[in-house]
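Asks: Heads up: the sequence shown is residues 171 to 368, going by this note's numbering.
None of these hints come from the bench; they were simulated from the model.
Do not rely on the hints blindly, as some may be mistaken.
Cβ pair distances, simulated, as ranges [stated by the list, open to error]:
#, residue 1, residue 2, range
1, Phe-293, Ala-240, 13 to 21 Å
2, Arg-347, Glu-310, 19 to 27 Å
3, Ser-299, Gly-349, 18 to 26 Å
4, Glu-317, Arg-347, 29 to 37 Å
Where a beta carbon is used, it is the ideal one built from N, C-alpha and C, also for glycine.
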Amino acid sequence: MKRFLLLLLTLLLTGCAMPLEIVYVETEQIELSTVPCQLSAATPRPLPKPTPTVGPSPDVTRPVYASYQALTEDDFYLAAKVAYLEAEGRGEEAYRAVLSVIYNRCMAPRFGGGMTRVETEVFRQGQFSVIHHRHFSTLEPPEEIVEYARDIFTEGNINLPYDILFFCAEHLGKGWRWGFYKNIGGNLFFQAPTDRIL
171 MKRFLLLLLT LLLTGCAMPL EIVYVETEQI ELSTVPCQLS AATPRPLPKP
221 TPTVGPSPDV TRPVYASYQA LTEDDFYLAA KVAYLEAEGR GEEAYRAVLS
271 VIYNRCMAPR FGGGMTRVET EVFRQGQFSV IHHRHFSTLE PPEEIVEYAR
321 DIFTEGNINL PYDILFFCAE HLGKGWRWGF YKNIGGNLFF QAPTDRIL
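Build out the structure end to end from the sequences listed, making use of the hints.
Replies: Below, the structure is given as structure tokens:
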């Protein structure tokens, strides 16, 4: 009986799930007549189709801001002014990163409880210090930065994940309560929950 159990256990462990025909003979010895295991090859399951996304974050699907808000040239110029002064002379990636933060704030429920205007986020108290620059109101941002703003706000082509909502100058350090993400052009960018309202 022990040999029978050992044999049965061995067959189970090797993956043979076919039934065995057990024949008892007079000498009380057990003779096994087996049917060869026919293990079928696993049928490959098709990979799920990727979910279309906006921006660089593959796990989040979000509509483009322009599909919710009617944007004007003033919106693009205002966002471009902030980007120009916050990342002056540091290149396209740095300008787009600042614009992406503004975009993310406009989209995040954290700010104002839902979709907000570009102007609302730019002038939100205590956020973008460059609005106090003495030439801010008369500044004409370079056209290329206005184009970056237009691309980001109308096409959703941000270069940061959606939860990057804050940044500061490099010299201020990483000691914020938010999670440090990346240094881009001398500005440190931080992640924060997008859904908690300030």
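Asks: Indicate, hint by hint, whether the structure satisfies it.
Replies: Hint-by-hint comparison with the structure:
no., hint, verdict
1, Phe-293 <-> Ala-240: 13 to 21 Å, "holds (19 Å)"
2, Arg-347 <-> Glu-310: 19 to 27 Å, "violated (36 Å)"
3, Ser-299 <-> Gly-349: 18 to 26 Å, "holds (22 Å)"
4, Glu-317 <-> Arg-347: 29 to 37 Å, "holds (35 Å)"
Hint compliance for this structure: hint 2 alone is broken.
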